[in-house]
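Visitor: Sequence:
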Amino acid sequence: MPTFVVSIRLPETFDEEFISLIPEHRAFINQLLNEKVVEVYAISSDRSRGWVTINGDDAAAVQAVVEQFPLYPHLQGVEIDELFIFDSTASRFPHISLN
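Position in the sequence shown (from 1) plus 19 gives the number in this note's numbering.
In short, the hints are calculated from the structure, not lab data. Warning: the hint list may mix true and false statements.
To be verified - Cβ pair distances, simulated, as ranges:
| hint | residue 1 | residue 2 | range |
| --- | --- | --- | --- |
| 1 | Pro-113 | Asp-76 | 23 to 31 angstroms |
| 2 | Thr-108 | Ser-39 | 33 to 41 angstroms |
| 3 | Leu-94 | Ser-116 | 41 to 49 angstroms |
| 4 | Pro-92 | Thr-72 | 39 to 47 angstroms |
| 5 | Asp-77 | Ser-116 | 39 to 47 angstroms |
| 6 | Ile-104 | Ser-39 | 33 to 41 angstroms |
| 7 | Leu-117 | Glu-31 | 17 to 25 angstroms |
| 8 | Pro-30 | Gln-87 | 15 to 23 angstroms |
| 9 | Glu-35 | Leu-117 | 52 to 60 angstroms |
| 10 | Glu-31 | Pro-113 | 39 to 47 angstroms |
| 11 | Ile-38 | Phe-103 | 35 to 43 angstroms |
| 12 | Leu-117 | Gln-82 | 41 to 49 angstroms |
Glycine residues also receive a C-beta, built at the ideal position from the N, C-alpha and C atoms.
All chains, please: the whole structure from these sequences, using the hints.
Guide: In structure tokens:
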């Protein structure tokens, strides 16, 4: 299954509605992480941008997942790029210790 990176732009200011949706959004992201739909979820330290690595059949399927994010109506921009290579320490076998 192809892997995509989704770049999101968050609003400049977070109003009360946005803040109230964060727990629901995090629960949804955690569910997708548990289901291995989402591989990586990251937000920049200045809280202006985010990156989500998503497994999906195609860009349309990934877009459909992103549109389910509780915070989606508040996002200022979404870009979806299919990855040619996605390698990480998390996807490798754990180091074996013979202790």
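Visitor: Going through the earlier hints one by one, which of them does the structure break, listed in rising order?
Guide: Per hint list: 4, 7 violated.
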